[in-house]
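Order-wise, the sequence lines are chains D and L. Per this note's numbering, the first sequence starts with residue 1, numbered consecutively. Per this note's numbering, the second sequence starts with residue 1, numbered consecutively.
I should point out that these hints are in silico values taken from the structure, not numbers from a laboratory. The model shown is predicted, which means the values in this text are computed figures rather than measured ones. Watch out, some of these pointers could steer you wrong.
What the hints assert, rightly or not - Pairwise CB distance ranges, derived in the manner of DEER restraints:
no. : chain 1 : residue 1 : chain 2 : residue 2 : range
1   : D       : His28     : L       : Arg19     : 17 to 25 Å
2   : L       : Gly55     : D       : Val15     : 45 to 53 Å
3   : D       : Ser12     : L       : Thr54     : 44 to 52 Å
4   : L       : Ser63     : D       : Thr30     : 21 to 29 Å
5   : L       : Pro113    : D       : Ala13     : 24 to 32 Å
6   : D       : Asp70     : L       : Ser17     : 41 to 49 Å
7   : D       : Asp70     : L       : Thr54     : 33 to 41 Å
All residues carry an ideal CB built from backbone N, CA and C; glycine is no exception.
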Amino acid sequence: DIQMTQSPSSVSASVGDRVTITCRASQHITKYLAWYQQKPGKAPKLLIYSVSSLESGVPSRFSGSGTGTDFTLTISSLQPEDFATYYCQQVNNFPLTFGGGTKVEIK
Amino acid sequence: QVQLVESGGTLVRPGGSLRLSCAGSGFTFSDSYMSWVRQAPGKGLEWVSDIGPTGGEIYYVDSVRGRFTISRDNAKNSLYLQMNSLRAEDTAVYFCARDPQRGDGHTFNSWGPGTMVTVSS
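Looking at chain D on its own, in the form it has when it is part of the complex:
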């Protein structure tokens, strides 16, 4: 199974800050990586697919990058509605696996 390791597990930031979350896969997954946002009591929402493609309707302050085993989600200017937990997911091999999550909290 492919293990997905996210860091940090939590980050405190202020509105307007640039936030970067990293995700490392235990083996190469080429372009098959997605990022989701989840707010308390809600279903996850797809933000980024294929490493860097923005899902329709997602603000352009979200971006993804990386290749092979190391990937990054960047929020260029944090907005109040962005305080949430973010998960990466490898979407190539079964079993599909998620990272442990990164909680973005208000500083």
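Assemble the complex: chain D is given as a structure, and chain L must be docked to it using the hints.
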């Protein structure tokens, strides 16, 4: 628009059985890969099972293989998860999710609100 609604979650005793359902609308259900993803209280996301459009492809996470069975009825636009021999560690919110198969792997761009399964005596 795409809508997924789960049902069937409840309190069940260890060793018991439960069947979850997910009704889909707003998209061509019979063309879609569908998955179940769960989230234990206060924990992260865990993919559980996936089924191809015709039911010919089925995958499970190891922890549920042999106990859970995924199925679908395309005539009813419905996805199911039969859960047997339930354990306390199966306690979670269960989400159904749609994989639109855009050539980007198994990415989930639509999710239901989830249904809570509690396994406890």
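>> Tell me the hint numbers this structure goes against, listed in increasing order.
In response: 1
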